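Visitor: With the hints as extra help, turn the sequences into a complete structure.
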Amino acid sequence: MSRFTPARVLWALTALTLVATVALAATRGRDWWDARQTESAQQEALAAGRQLAVNFATIDYRKVDQDTARVKSGATGEFLASYTSQLDDLKKVIVDNKSVSTVERSEAALVSGDRDSATVIVGIIAPTSNTVVPQGEKKTYRTKLGLRRVGEQWKVERLEFVG
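Heads up, the sequence shown is in UniProt numbering, so the first residue is 1 and it goes up one at a time.
No wet-lab data here; the hints were simulated from the structure.
Do not take every clue at face value.
[What the hints assert, rightly or not] Think about it this way: if two alpha-carbon atoms lie no more than 20 Å apart in a straight line, the pair counts; the simulated EDC-like pairs of lysine to aspartate or glutamate are:
no., residue 1, residue 2
1, K155, E78
2, K92, D116
3, K144, D96
4, K98, D88
5, K98, D65
6, K155, D96
7, K139, D60
8, K98, D60
9, K98, D67
10, K72, D89
11, K63, E44
12, K144, E160
13, K144, E104
14, K144, D116
15, K144, D89
16, K91, D116
17, K72, E160
18, K155, E44
19, K155, E107
20, K139, E104
21, K98, E137
22, K138, E107
Please read these numbers as outputs of a predicted model, since none were measured by experiment.
Guide: Laid out in C-alpha cells, this is it:
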C-alpha cells in the first residue's frame, strides 16, 4: 500500500494552504496595523504642530511668563536651547513694546512623518498690536516645524519661518 494516497495528498495540500493563508494574513495584518499606527501618529503630529505654532504666535505682554512657558513646554532639542537662550531678551522686547498677538486663523499641512518625527507647515494669521501700531495689524506667518515625539507628546525641535 502506497504512503501517498489521494486522501493524504489532499490533507497535506489543505494543511499547506491553511499554513500559507495564515502566514499571508499575519503579514498583511501586521502591515495594515503598522500603516494605521503611522497614519495615527501623522495626524497627531499635524494637530500638535498646528497648536505649537499657535502657541508660538500667541503672546501678551501682560502674561508673558505664562505664554513663553507654554512655548517652552512644547519645545525640545535645538529649538528649546535657542528659545531658552534668547528668552530674557525676547521678554524685554515684548513688555517694553506692549506687544499683543493672537491667532485668528491657522492652517496646517503634513510634509512628512513617521511614528517618531514629522515636518509640518503651518500658516497663521495673527492680529498684532504694540506701541508702534496700537490699533493693530494682521500679520501673516508661515512656519516649518520639525517635530519629535517625546514620550507621548509631540514637541518642536526646529522652527523656521518660510516664504
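Visitor: Of all the hints numbered above, which does this structure not satisfy? Sort the numbers upward.
Guide: 2, 3, 6, 11, 15 and 16
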